Each structure stands twice: as C-alpha cells, then as structure tokens.
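A.B. asks: Assemble chain S onto chain L, guided by the hints.
There are 2 protein chains.
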Amino acid sequence: VGRWIMELVGFPVEGSLCLLLSGGSAANLNALTAACHHAAERDGWNLRAEGLQSGRQRLVLYASEESHSSVQKCVEQLGIGTNNLREIQADAGFRMRPDALRQAIERDLKAGHLPFAIVACGGATNTGAIDPLDEIADIAAEFGIWLHVDGAFGAWAALDPSYAGEFKALARADSVTLNPHKWLQVPLDCGALLTQHPELHRAAFSLTPDYLVSGHSEAPWPCEYMFQLTYGNRALKVWAAIARLGRKGVAELVTRCNGLAKLLEARVRAMPDFEMLAPASLSVVNFRYRPAGRSLDGAAIDALNVRISNAVSESGESHLPTTRVHGKTSLRACFLHYENDESDVEHLVRLVSRLGSSLADQLESA
Amino acid sequence: VGRWIMELVGFPVEGSLCLLLSGGSAANLNALTAACHHAAERDGWNLRAEGLQSGRQRLVLYASEESHSSVQKCVEQLGIGTNNLREIQADAGFRMRPDALRQAIERDLKAGHLPFAIVACGGATNTGAIDPLDEIADIAAEFGIWLHVDGAFGAWAALDPSYAGEFKALARADSVTLNPHKWLQVPLDCGALLTQHPELHRAAFSLTPDYLVSGHSEAPWPCEYMFQLTYGNRALKVWAAIARLGRKGVAELVTRCNGLAKLLEARVRAMPDFEMLAPASLSVVNFRYRPAGRSLDGAAIDALNVRISNAVSESGESHLPTTRVHGKTSLRACFLHYENDESDVEHLVRLVSRLGSSLADQLESA
Chain L
1 VGRWIMELVG FPVEGSLCLL LSGGSAANLN ALTAACHHAA ERDGWNLRAE GLQSGRQRLV
61 LYASEESHSS VQKCVEQLGI GTNNLREIQA DAGFRMRPDA LRQAIERDLK AGHLPFAIVA
121 CGGATNTGAI DPLDEIADIA AEFGIWLHVD GAFGAWAALD PSYAGEFKAL ARADSVTLNP
181 HKWLQVPLDC GALLTQHPEL HRAAFSLTPD YLVSGHSEAP WPCEYMFQLT YGNRALKVWA
241 AIARLGRKGV AELVTRCNGL AKLLEARVRA MPDFEMLAPA SLSVVNFRYR PAGRSLDGAA
301 IDALNVRISN AVSESGESHL PTTRVHGKTS LRACFLHYEN DESDVEHLVR LVSRLGSSLA
361 DQLESA
Chain S
1 VGRWIMELVG FPVEGSLCLL LSGGSAANLN ALTAACHHAA ERDGWNLRAE GLQSGRQRLV
61 LYASEESHSS VQKCVEQLGI GTNNLREIQA DAGFRMRPDA LRQAIERDLK AGHLPFAIVA
121 CGGATNTGAI DPLDEIADIA AEFGIWLHVD GAFGAWAALD PSYAGEFKAL ARADSVTLNP
181 HKWLQVPLDC GALLTQHPEL HRAAFSLTPD YLVSGHSEAP WPCEYMFQLT YGNRALKVWA
241 AIARLGRKGV AELVTRCNGL AKLLEARVRA MPDFEMLAPA SLSVVNFRYR PAGRSLDGAA
301 IDALNVRISN AVSESGESHL PTTRVHGKTS LRACFLHYEN DESDVEHLVR LVSRLGSSLA
361 DQLESA
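First to last, the sequence lines map onto chains L and S. The first sequence begins at 1 in this note's numbering and counts up one residue at a time. The second sequence begins at 1 in this note's numbering and counts up one residue at a time.
So here's chain L without its partners, still in its complex pose (with noise of 0.2 angstroms):
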C-alpha cells in the first residue's frame, strides 16, 4: 500500500518508506522528528541523549504563515519553541516566498543557529495554496535542509494534469505527509508519511525493551520508525480503497473537485452579491456574501457571513465553516467527497444567496 501511495503521487519509490500514522500532525510529527535528530547528528551531538537542554546550536524550522497549525504543535511537542520557528511571508497567492525564506535561512546561519527543516504547503488548509515547491527545494538543496511537504490534503492532486506541475518536485522532498483519510475518503484515523530516509526515522525512534525483542521478522517494523508502540491496522482500509478506486479513479475524484471549485469561483464572480477573497486553489474555495447596496460595514459583513455559516450548517444541505483571509471573514467550501458535483455547486450558490439575503434583512432591520 505504502508503494502504492508513493507511486500515485509520484514520490521515489526505491529505498523510501511509507509509515501509516494516527492523522497528518501524527506525520508532521514524526517527519521533523527525524529532520532535527538528524541536523543535530551533522552537528556532532546526539538529540536523543542531550535533549535541547545542552545549551548548543539553536535549532530552527522554516515554515510558511500560511501552514497548518500542527506544524505550530510540532515545534512545541518537540521543545523546539514557537520563537523558533520561522513564519514566511506568503504572497498575494499565500504562497510562501523563496526569497524571504533565503534571507530567513541566512540571517539564522549567521546568527550561528541550525536550520533543521522547512516546511512547504502541498495544499495550504485555509486557502488551498501550493508552495512553489521547486524553487523551495533548489533552497533546501543549497542549504543542506530538510524539505517536508505538508500535503496532507492537497498532494493527491498530483493525480489531477491542472495541477501536476506544480507537484512535480513532490519528489525532491525529503518527506511528505498525505492523508487517506482526507480525499481517499479512508475512515479516520490515517496518516501517511513518506520518507527517502527511513534509517534517519529509525535512529530517531528506534527502541527495543526486553519484552519486545522476540517474534519480530525481516520486514520493517513500524514501532521503530515512530512514537507509537501499539496501533490499528490502517493498511488494510487504504488498501481497500485504492484497489477500488485504481490510479484513473482517484485521479478522476481529485480532478472533478479541483473542477467544482473553479465552476464555483465563477459562479461566485458572477454573482453580485458574492466576493472572491482568495483565487480557487485545488478544491478550496473563499469568499464571502456581500450584499450590494445595503448600509453595512465591515464588521457586519463579517458577522453576517458567520450567521449565514450557521444558517448553512443548521438546514443540514451543506457545511460551509468560516475561516480568516486577510483579516475578513470567509465561508470556505473545500470540496472532497466522492459524490460531489456540478449540482452541489449551484445548490451551495442558492442556499448561500437565500440565507443571505435573508439575514441580512434581519441584520438591517435590527
């Protein structure tokens, strides 16, 4: 299963590993793991033994202000400390730039700190936005750093011909994080993480008890490669799932999604009442209900999008959460279900204008 998902997606298959992991922070997680134990081995010293406690090189991570908030949990869980942990300017795309990120680099080199991984979107989770992936790995190259792609929902997307380009260089990555459990619309929980070093994740976590020794065989042995000693079976479920799907089928279920939400960023560019707040990116869709020729502010508009969130929610048609894009609030549709289509699209359209519409009667009235 594990060359399977490497395969799809096009990352190098020989030598590398796929771990299953609790969810997307569990593989975040286990990748920056390895990443730091390893930059600190470069180093000369031993992370597992000293700890950060050593007062040694100041270890530092690079990640995009755009990246999931487990990166943040990451760079706490591992003691690294948010200070730590340098947030990239995004452009007007929320795309992190290379070129803050390289004067980042250099200033903490020069500083005398330890650059030990950066972090790229496959797919930011607000606004669907990808990294430009090649230009981060020409950096992670020069500067002998960890590249991990946080694609967790996104780097299926590799399968869609819109968007392969832009995952090409999936396979310059170190390690990637890639959820069944998202667009393979696999049972929670699962994790994927795929790693071209995997004696790097074993150095980091390997550890054999007394009572663990006997009874294992020639095939790697998850436990080693991860904080988890006991866990499921999730090989089976994604398994399941690709065999049914095949290569064409998932690669048709990204493809359409990726396909509504442009067909909905038209829709909402048409609408005059509707506002685009972020360019449609893979399935992910922000914008907002702006009435036109009504007496309200800012502030109201932002509070009339959330009502109309939880409008949206409680007619049980549809579920629309809100989110933050440039300061303004946002109904963020994400489409990733199998049955999801061009019917969906215009429904979703309606129900927002008739809520909308509707409350912000109330709202004036008021």
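Note that these hints are calculated values from the structure, not bench results. Treat the numbers as computed from the prediction; the structure is a model and nothing was measured. Some clues are possibly wrong.
Heads up, the list lumps identical chains together, so a pair's fine if it works in one copy or across two of them.
Below, simulated SDA-like cross-link-like pairs (lysine to any residue); rule was C-alpha separation at most 25 angstroms, straight line [to be verified]:
no., residue 1, residue 2
1, Lys168, Gly15
2, Lys328, Asp210
3, Lys248, Ala111
4, Lys328, Ala292
C.D. replies: Then chain S, alone, in the frame of chain L:
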C-alpha cells in the same frame, strides 16, 4: 465513558477529565507535556514559546528503571533528553525505591535543576510490579512535583480486592494512563489519560486556527487538550465494553486473571524443571525452563528458553514471549483475555514441559 473509567479505578471525578488517545504512549506523552509546561510556567517562563533552547533551568524527569520504554520515548520526543531522565533503582520486587527517588530529587535541586514529573508504574510491563504509589505520592507532594502513574495495563486491577490497597493512591496522582485496549478487550487503538488538571493540558495544547473556530460547542473539544487534531470515535467501543461488563464484570475479569498468575506461580514452583524469575504480580508471571540434572550453562539455558518461546508460538496453542529478568532470559506469561481460565494454566505448564524436555535433548546432543 470518562466518568465511568475514573469511577472504576477510584480516580477523583470532580473537575477531572478523561481523554481517549491512540494508546499508552500518547497518554504518557500528553501527561508529561502538561507537566513540563506547568513546571516551566511556575518557574516563570513559557515553554511553548521558548522551547528548551533558552538555557533555562534543566527539566528533569524521574521514573523507575522498570518503567515502560514509552517513558524514554516521551523524554526524547519532548526534547528533554535521556540524560535528564533519572532511572530510579528498583528493589528486589522490581518496585521503585522511594529513598532512591528522594535522593535523586535532592541531588537535582541542589544542582539547580527543575524536577517536573515523577512517573510511577501501576503495573510494570516486564514483571507486573506496582511501585509504592502512596510513598511516592508523599514525595511528589512534599517537593511539589507532578505525579503521573503509568497504569496502562495494570491500573484496572484497582478492582481486584488483592490489589485495591496498592492502587488506592491513584486518587493522589495528577494524571494516570489506563488503556481500555488492554485488559478491557476494546479493539485498538485506545489509551485513556485521566487528569486532575484539564486546564493545564489545555494551556499546553490549545491552538485554534481561523479555519477551526466555528462549530465548537460548550463541551471540551479534545483537540484543545492533546497533540492530535482529528481523531476517530474511541468512546463508543469503550462505552460498549463497560456497559456490557459492568463494574462487577470488569472486577471479575481482572481478579480472575490475577488469580491465574498466582496459580501458574504455584505450579511453576512445584515443577522440578521450572524456575520462577520474579514474584508473580498482577497477571504477569516470569519463569523459565531449567532442566534438573543436565549439563547446560547459563547461556545454554537462555538459548533453550528462546527456542521454547518460538516453539510455543509455532504450536499455535499459546503466545509466550521472552524477556530478560535480572540478566536471565525469561518466559513471560500475561493473562489478559476474558476466556483465560485454569485449564489454560495447566495446558501451558504441560506444553512448556514437553517442548522444553524435547528441545533440551536436541541441545545436549548437538
């Protein structure tokens, strides 16, 4: 379900929280994360922001040399470093020595370090030994150190009248690990963390990005109290197990299993070719085959018992892994299954005796 678990083992319910995590390792990690964040906060600094890289006081953890390997993994994952894990000597019964614990704490305080937690075993994996929880709780209270009890497998035995006294001090622990996926027969994965300080776990973990703000209710949201964000439903299967068994059923299950261990101990002591390597504690029995009147040295007896363990597995009739006890290879029996009864004990004794005799013949003639 959390309330039920706490009530069953005598953990204070009022103001406490039960989290269902992916296993014992995750539960231990969660508790120790909260403990070290709390210690840092009391010391006047913010561990989430600073990490362990600011040259502050050195955080130090105490655990029995018999503690589970996951404790070391936690120390590594948190960036504490195994150099700052004090492995406290155990007594002849494999129980942490309170005098040695006190000495270690005093030594660290004198050196200016910051003790942040004591991990006591509520049933060591290797031998089933229960640390003297009450005496350890006294020391934790005296020095103001977080007491975590790792009762992943054993703490259910608070319901066995033979062990209830030893587990009474669970009520004095700041946090307890207790796995429904072990004795309670709940399918993987499921590890419970009981804590008297939900607010400290929230302070260590809560992080709510914009795209997750909406939709939460008044009930505690588990991802604000733990590392993981998305999680499967673990409560239903635990509910089903406890609802089916009831307090009486769980008590009967653990009491019976512990009784089988005592029975096996008695049978082993009565067999001339068998040797006990540790006192039976909870449902764990460490013993080995040591044929009388044969010319086998220590290494040969070790090798013989590894072969016996493998032969038992191959027979398909039982699972009897090896471990090491006092430097000797041991066969380790552990009764956890609801169908285990006295006939299993008799069968195991006969099986080991027969395989041991035949393998000893082979070994001697080789």
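A.B. asks: Evaluate each hint against the coordinates.
C.D. replies: Verification of the supplied hints:
Only within a single protomer do Lys168 and Gly15 lie at most 25 angstroms apart by alpha-carbon distance; the minimum there is 19 angstroms, versus 51 angstroms between protomers. Taking the closest pair of Cα atoms, Lys328 and Asp210 come within 25 angstroms of each other only across two copies (11 angstroms); inside a single copy the shortest separation is 56 angstroms, beyond that limit. Within a single copy, Lys248 and Ala111 get their C-alpha atoms no closer than 50 angstroms, and across copies no closer than 64 angstroms, so neither meets the 25 angstroms cut-off. With identical chains, the CA atoms of Lys328 and Ala292 are at most 25 angstroms apart within one copy only, with a shortest distance of 17 angstroms there and 81 angstroms across copies.
Against the hints set out earlier in the document, a violation occurs for number 3 only.
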